[in-house]
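S.K.: Below, each chain spelled out in residue letters.
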Amino acid sequence: MNGQQNYFKPAIIGGLASGLLSVIPIISAGNCVCCLWVVVGGVLAVYFLAEQNQGKISPGDGALAGLLSGLVGACIVTIVLSVSIPFLGLRMLRHQMDQMRRIPGMPGGIEQFYGHFLNGRFVILTIIIAVLIVSGILFSIFGTLGGLLGSALFAKKQQTLQAPPPLPPPAPPVA
Amino acid sequence: MVKKSASEWTIEVASLRRLLHNAFHMRFRKHLYVIFLIGTMLCPAIIWLLPFLLQRSPFYLIARLAFSALCHQQPDRSFVVNGMLMMVCARCAAIYTGLPIGVFFCAPVFKWVRKLQPSKLQSERIPISPGGVAVFISALPAAFELAAEKLGFPTGNLSRFFATFPFGTALGLIAGHFLRTTSLETERTIVMTGALRQLKQGSVT
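First to last, the protein sequences are chains A and B. The first sequence finishes on residue 175 if you use this note's numbering, and the numbering steps up by one all the way, no holes. The second sequence finishes on residue 205 if you use this note's numbering, and the numbering steps up by one all the way, no holes.
Just so you know, the hints here were simulated from the structure itself, not pulled from any lab data.
Interface residues of chain B toward chain A, partial, derived using beta-carbon atoms under 10 Å:
no., residue
1, Pro75
2, Tyr96
3, Gly132
Some chain B residues judged to face chain A by a derived CB distance under 10 Å, without partners named:
no., residue
4, Gly39
5, Leu70
6, Leu99
7, Phe167
8, Leu179
9, Thr182
A virtual CB, placed ideally from N, CA and C, is assigned to each residue, including glycine.
Could you put together the complete structure from these sequences and hints?
M.R.: As structure tokens, this is what we get:
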């Protein structure tokens, strides 16, 4: 649009929504439907951007707001996960290992290898960095999609000059 | 040396901030399509290649944990690649794989759509957009597959993948089209602004 948009507040609000909804147990299952909460965060960011600018936003503005909200959401997911790692993180990793055990034909020796790793020193730091990278990529992609959807929903259409209505047919001559 | 007052400093800082904001904003918008394309290409690369690259690495488990915020990762609904479970389920894998294909091929596809003259297809009473129709039609196979699964028909990971793949591709096509248009418009604006500045300075005759 004009390059003067302020994305800060919309991105923070959208990112908070997408990040928090993605980490609350049970509710976070909504993300299984095409990353629903991330898309919702992007749409929310565009809603607030449109409110700021009286609906004068382009799809590019929406995409940018959605992308930034996705990045904020990824940071929030990482922060919440890093706080909860001492309580949940290692349990979640063991859950992943349990899932792996169900596959027939898993390469031998891997189970012991992972078990050894889980008792290692840098596991928490590695988890935080990996989650930040992966969720940063995924949240920004689906946030952008949400932003585009939001711009389609909330951007006001440009008023165009309309042709005047056709003249009524001439009245039949009175005899 | 002339000392500047506080108000002058405030104005200078504000103009510098505006300059930086505009430069970042315009450059970022100009490359938005390419950034999105790279991002979408990273997703299938990660999910298809990690089971090969990290088979003997503990990072595999951590990568799976990182994807767990966005997918249920049920083992019976995920592909097994190289003896390892994929990072995401078959349906998510289809969306992640279809997205970059759609983004990459959006330009020729929309060129072809424009030849069809979509304005003739649009109704005056019902506002139908070609993009909306494309997403709706592409979601139908996934919906039928889901319904078949719920009704007890035999389905598998391959049917889940191929039924959802068109939906991912359609999403990529539409997102790619909008982002490409934005990038091209921004580039045009930058060129026009530069030309205007040159005209003002009188360097262009």
